[in-house]
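**Q** Protein sequence lines, in the order shown, are assigned to chains A and B.
Here the first sequence stands for residues 1 to 110, numbered as in the working numbering.
Here the second sequence stands for residues 1001 to 1500, numbered as in the working numbering.
Treat the hints with care, as some may be off.
According to the in silico footprint, chain B covers these stretches of chain A (three or more CB under 8 Å from chain B) [as the list claims (entries may be wrong)]: (1) 10-23; (2) 32-38; (3) 68-76.
Bear in mind the hints are in silico, worked out from the structure with no lab data behind them.
In this text, all values refer to a predicted model and were calculated from it rather than measured experimentally.
All residues carry an ideal CB built from backbone N, CA and C; glycine is no exception.
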Amino acid sequence: MALEAKLSHTAAMILQALDAGFVYGFSIMEMTGLPSGTVYPAMRRLERDELILSKWEKQAIADAEQRPPRKYYKLTAAGWSTLQASRRRYPLLERLIPSESLQTEEARSL
Amino acid sequence: MKPSFKPVFSAIEAGLLCCAAQFVPYGQRADWLREWQAELWHVRQERAPMEQLSWQAEREIASFCLGAFQDAFCLSHYRWKLGTLLTALHGTATQCLLMLFAVLAVSYGIARFSPGVCAERMLSTRLQRPGLILIQNAGEASTTIAPQQYLAWKSHRHSFFDGFAFYRVAEESIQPVSGNGSAPKEPWKIAQASSNLLALLGLPVRFATAEPKGSNDLPDVILSESFWKIEFGADPQIAGRMVRIGQRRARVAGVVAEDSWNLPGKVGAWLLQPDSALAANGDGFIVAHLTPAGKEKFWAPVMQITEYDQDDSGPSFLGYNIDEWQPGSWGIYWLGIAFALISLPAVTSVSLGEYSLNPQKTSWGRRLYRWSFFSAKIALLLPIVYFSTLDIAYIRTAHYSHSSADIQMLSTFAFFLFGLRWALLDHRQRCPVCLRRVEHPVEVGLASRTFLAWNGTEMMCMGGHTLLHIPALPTSWFDAQRWLYLDTSWKFLFVGSGVG
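Produce the complete structure using the sequences and hints provided.
**A** Below, the structure written as C-alpha cells:
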C-alpha cells in the first residue's frame, strides 16, 4: 500500500496508458502528452519497482518490417493492482485514457 | 533536383542521442541508446513519413532527441551521485587520462603565465645570433684594440664580415639624476659601447621604448638587471629616467639580463655612444658578425685574422668564437628525452607483460584500443614533462639563465625517465580486456609455496575479466607476469560491482 500511496499522477497515467494498449514509449508519449524526458525515466522506475515489465521485440520481426526492434512494456500483476488503486485516487484517469476493456464496451454499445 | 536534408538531420539526431547516452551510467548506456534509436525511427515515421522536409516535423523530432538528455539527467537523480561516479571511474583508462590532462593543464597554465618561461621563450628566438666573434689584439702586451681600428673596419665593406661593434669597460659612478634613487656606494663598471652593440649581439632589451631620438638627445644607457634591481628597486617605469655617468647625463633605454652577456667584463650598464665619442676613449674589444661566406671560411673556436696593407704585412688579431652553443628549451628538452630513453632499461623492464603471449586470441580492435591508450599516455606525458620542467627551471627567475637551463635539463631527464617507468608499470597492471587497473593483490600462501612450488601475487580485474599472476621469484618456466582470462562462471562474483 505504501507504494500505491507514493505513485505520482505521471506514473499513474503511464500505467493507465499501458493498460489501454499503448505498449511502447513513443505511443505513451503521444497518448499522455508527456515529454520524452519524463516518460522513459518514469517507465524505468516503474520497471525497477516491478510494476511493469519490458521486453525487446524479436529481431526477425523487426527485420521483416524493415525497422529497428522496439521495446515493449506490459503491466505486471503488482502494476495492475497499483493501477486499480490509482484509479480510485485519480477518478478522471480512465476518462482521459480509456482502457481497452472500456473501449470495447463503448464500441459494443454503439 | 532538390538536395535532401534528411540524411543530415538523421546524422545530427543520431549524434544527439549518442551524446545523451554518454550521460547514462555505463552499464545501462547501450540499452538506453538502443531504445532511443528505435523510438526515433518511429517518431520520424510518424512525424515526417515523406521525403520532403518539414520544419515542424524536424522540430518535434529534435525535441524528442533533446528529451533523451532529460532522460539521462533524470537518471543522475538516483544514479549519478559524485561518489558513484568516482567509483565507476576508479582505476579506469578514462580516469588515468583525465588525471594526465589535469596535470597538463596545470603545468601549461603555470608556464603560460610565468614571467621566466615567457622570457626564455622570447630569448630562445632572439638571443643567440649565430656567427659572432670577439676580436682581440694578438699582441702579447695588450689584447685590446684601438677604437680607430674599429672605425676603419666599419667604414669599409668586407666580404667576410657584415657588422662590427665596439666596447670598452670602464669603472665609473652611475647614479640617478633625480627621484628617490640614492647614489651608489661603489662605482659600477660601465661598458662604453657603440650604439649597435646590443643589436649586433641580439640581446633582448626589456622596457625598451620606441621613442625617436632627436639630434640633441642624450646617449642611451642600458642597465643590467642586477643594477636595475639594486639601484632602482626593479622599477618597471625605468625607461626614460635620467642617470648621471661620471660627469655625463644619459637616458635609460632598457634593461638587459646580464646572464645573456658572455663577453669579457662584468658590467652594470652599457652606455651606447656615437662613433665620434668612442674615438676619444681608450682601447677596447671589437665584436664582429661573419657573413655566410666568412663562416664557411673562418669558422673555428679561435681564428687568426690578419689585415694586410700595401707591403703585405699588417697587424694580426685573434677572433674568438662567442657563438656559444645554446640549444634553447626545445633542444634541452629533446636532449633530456633522449638520455631518459637510453637510461630507461636501467630502471625498469621495457616489456609490456604477457599481452602478446596470451593463448586467448584478442581481437585487433581490442589490441588497437590498448595501444591507443598507451600511446595517449606517452603523448600526454611529453608535453607534461616539457611544461613542468620549464615551470621548475624558471619559477625563481624572470629571465633566461644558464642555471635554469641546467635545471631544465636535469628535470626533463628525471621526469621523463620516471614518467615512462610509471607508464610501463601502469600498463602492465591493466586488464587487457577493459584496461581497468587490477586490484586486490593477494600473496599466494605457504601451502602453494610448498606444494605447487609457486611464489607470487595474484591481482584481479574488478570487471571480472582477468586474473594477473606475478611471480615473486622468476623461474625458467615462469619468469614474467601472466594473465588468466576468466570465463562466465566467475561472473557471479562481480555482480553489483558497478563495473562493466
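**Q** Going back to the hint list, which numbers does this structure go against?
**A** Structure breaks hint 1 only.
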